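Q: Sequence:
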Amino acid sequence: AWVCTRAETWRGEGARVLAQFRTPGGVQGAVAAKAQDVPACGERDPQVLAGVLWKSEGGHWYLLAAGGPDTESIAATGGISDSADGNLLTAKAEQGARAELTGTLDGGRTIGGLR
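Here the numbering used here = 1-based position in the sequence shown + 14.
In case anyone wonders, no lab produced these hints; they're calculated from the structure. None of the values given here were measured: they were computed from a predicted structure. Take the hints with a grain of salt, since some may be wrong.
[To be verified] With a straight-line Cα cutoff of 30 Å, these simulated DSS-like cross-link-like pairs (lysine-lysine) come out: (1) Lys-48 with Lys-106; (2) Lys-69 with Lys-48; (3) Lys-69 with Lys-106.
All chains, full assembly: derive it from the sequences and hints.
A: Spelled out as structure tokens, the structure:
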């Protein structure tokens with residue numbers, strides 16, 4: 015499961031965004047990405063994209079990425095190159111690999127992944 019959390023101060027500055035990932039059967043989510051002073055995951059711009067490296071019980075590593083419901087496709091470049099239609103991406107990876115994520119939204123707008 016993926017969760018996006020946004021916290022803002024009463025002053026209106028210093029907003030923080032966390033994307034958390036919880037594995038099936040897991041009790042708590044782990045922070046997959048975070049950002050500060052971005053509009054993502056908020057009222058002004060609810061769109062968000064994040065990814066995490068995950069190790070399966072079989073010992074294989076994967077990049078798991080997710081975008082909001084308006085995400086038409088996700089692409090990973092850099093240390094991992096793969097893409098998928100829709101708002102979910104699963105790609106084989108190596109331990110410690112890093113990828114740049116790009117999401118294409120309905121209407122053609124692109125967004126980058128939280129870091």
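Q: Please verify whether Lys-69 and Lys-106 have alpha carbons no more than 30 Å apart.
A: 10 Å, holds
Q: Is Lys-48 within 30 Å of Lys-106, Cα to Cα?
A: At roughly 23 Å apart (the allowed maximum being 30 Å), Lys-106 and Lys-48 satisfy the hint.
Q: Does the structure keep Lys-69 and Lys-48 at a Cα separation of 30 Å or less?
A: Between Lys-69 and Lys-48 the Cα gap is close to 21 Å, so the pair holds against 30 Å.
In the structure shown, no violation is registered for any of the earlier numbered hints.
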